[in-house]
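Use the sequences and the hints to build the structure in full.
Residues in the sequence shown are numbered consecutively from 19, following the numbering used here.
Hints listed in this document are in silico derivations from the structure and should not be mistaken for laboratory results. This structure is a prediction, so every number in the text was calculated from the model and none was measured. One thing to keep in mind: the hints can contain errors.
As the list claims (entries may be wrong) - Straight-line C-alpha distance at most 25 Å; calculated SDA-like pairs for lysine to any residue:
#1 Lys274 / Thr245
#2 Lys90 / Ala47
#3 Lys228 / Cys62
#4 Lys228 / Asp78
#5 Lys26 / Asn125
As the list claims (entries may be wrong) - Pairwise CB distance ranges (calculated):
#6 Thr215 / Glu53: 24 to 30 Å
#7 Ser273 / Ser362: 20 to 26 Å
#8 Ser365 / Ser273: 24 to 30 Å
#9 Ser365 / Glu64: 53 to 59 Å
#10 Phe87 / Glu285: 50 to 56 Å
#11 Ser365 / Ser113: 20 to 26 Å
#12 Gly187 / Cys52: 35 to 41 Å
Glycine included, every Cβ here is placed at the ideal spot set by N, Cα and C.
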Amino acid sequence: MSPTPPLKRLHVDERPPPYSILSSSKLRALVDDCEGITNKSVHCIELERRLHKANYPPLDSPSLSWDGFPNKFKSLVLSNFVTHTTSLSCSQTSSDGSTTKLLIKLNDGHMVESVIMRHETGRTTLCVSSQVGCKMGCTFCATGTMGIIGDLSEGEILEQLVWANKELGFGGNEGGRRGGVRNIVFMGMGEPLNNFTHVRLAVEGMVNTKQFGLGHGHVTVSTVGVTPKIKRLTREMPYVNLALSLHAPNQEMRSKIVPAAKAYKIEGIIEALDEHMRGGGERGEEGKSKKKQKVRKAMIQYTMLNGPTSTFACAHELGALCKGKNIIVNLIPYNQTDVKDEYSCPSMEHIEKFQEIVMEYGLYVFIRKTMGEDIAGACGQLVLEKKREERQEEKKVDIEDALGMRGGNGGGKGGRGERVKVTGKRRGKEATEGGRKEAEEGDGDEWKAESKEAIVKEGQGSGSADVVLKVGTAIGVGMIGAAAIWAIRSKRRVVA
19 MSPTPPLKRL HVDERPPPYS ILSSSKLRAL VDDCEGITNK SVHCIELERR LHKANYPPLD
79 SPSLSWDGFP NKFKSLVLSN FVTHTTSLSC SQTSSDGSTT KLLIKLNDGH MVESVIMRHE
139 TGRTTLCVSS QVGCKMGCTF CATGTMGIIG DLSEGEILEQ LVWANKELGF GGNEGGRRGG
199 VRNIVFMGMG EPLNNFTHVR LAVEGMVNTK QFGLGHGHVT VSTVGVTPKI KRLTREMPYV
259 NLALSLHAPN QEMRSKIVPA AKAYKIEGII EALDEHMRGG GERGEEGKSK KKQKVRKAMI
319 QYTMLNGPTS TFACAHELGA LCKGKNIIVN LIPYNQTDVK DEYSCPSMEH IEKFQEIVME
379 YGLYVFIRKT MGEDIAGACG QLVLEKKREE RQEEKKVDIE DALGMRGGNG GGKGGRGERV
439 KVTGKRRGKE ATEGGRKEAE EGDGDEWKAE SKEAIVKEGQ GSGSADVVLK VGTAIGVGMI
499 GAAAIWAIRS KRRVVA
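Dropping the structure here:
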């Protein structure tokens, strides 16, 4: 039986070596402190490039060339770093092959989860965790009910991407280009903005052209709504997409299911979200932006729970709250998890009516259909399942060992999925053809539809939409699309 993990993780800065070689900030800090090495930055960049090209072999592997590196640099790296500080404990793939959940073991024994989502268009999205557990306390979320155990380092976050590419059979220069992970969503275990520094460093590695080389628009950070850190994200990472897990249209209701909401007023969160959409920018004396930045994408994730937050009156409140703002709304049918409070999902007919009401306020609203329900698709469910299995085995050992096995790896922000259909308003055949053309010309990033999916309905009237989704607190990957972008411009009824 493996040793019991500690109740709390050491702070990232207090952890002893070996460190993950993917922790670029740690590598540069140690190299900078080492005398006798010239061209320090050049050596670090070249090592990162070679490691990625070789698909992250052990540092002493013959497949990794050390030619041209100073002996002192090589010695420092080999004595302080390893390629992987984590290991792949197990993986589960859904019956339809669309979703694979990875259970990743950290070097202190704790577990986190990542989820690979394969889309029919050939895109692959990875949902990553940023913490062990979560302190936000969302009552319907498996991770939120477990409390916070500790943060992941930038290396531990990036290693999830390495394991995913290996699971997909891709890596090195193939990853993200020929079938490897192409999109990243921080919607796994933990509140990403509560681990801001290491999430930012990990994002820098993801978009680094010498490493994973993902496009800026292919990374999405989700949050329950930590207003000061949303503003910080807009300043320091204006290029990433932002998703807000809202779940209720007013402060009173939200505080009951998202306890952390008591500290951050809903109006301030929406304002910060809208500011990120506008691109932030340097502020003048009158609070106006001095320079115009590219408009980013932001969305609201709204989990449909059977109860007061999903009434049609709440639909009107949600519409009024978001009216006139550059925000897209994703309705997430609840994916059942083993939490203390019992929740269920409303009927699809109810969700579709809720959608139609919110759309009346000039918003674009999407419904998502879950992926990976047969493999405990909501983040944290697999960790909790593994814990239950271990507790069954613990019946064979001393009670002290059993008492030491705390459930420190909660589940997270829910099952995930992809968009299938969207409904909106449209007029005329000319708009239909224009929408198809723009969809075909789109670059197909995570927030854009593939051309095969860009179908614009003829005629007016209400329509319903099935949409594939990611469920739980962080939920929903936001696969909106070129057709959705066209819809926002022309304000017509669209099916993407």
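Status of the hints after comparison with the structure:
no.: 1; hint: Lys274 / Thr245; result: holds, 18 Å
no.: 2; hint: Lys90 / Ala47; result: holds, 15 Å
no.: 3; hint: Lys228 / Cys62; result: holds, 11 Å
no.: 4; hint: Lys228 / Asp78; result: holds, 21 Å
no.: 5; hint: Lys26 / Asn125; result: holds, 13 Å
no.: 6; hint: Thr215 / Glu53: 24 to 30 Å; result: holds, 27 Å
no.: 7; hint: Ser273 / Ser362: 20 to 26 Å; result: holds, 21 Å
no.: 8; hint: Ser365 / Ser273: 24 to 30 Å; result: holds, 27 Å
no.: 9; hint: Ser365 / Glu64: 53 to 59 Å; result: holds, 57 Å
no.: 10; hint: Phe87 / Glu285: 50 to 56 Å; result: holds, 54 Å
no.: 11; hint: Ser365 / Ser113: 20 to 26 Å; result: holds, 24 Å
no.: 12; hint: Gly187 / Cys52: 35 to 41 Å; result: holds, 37 Å
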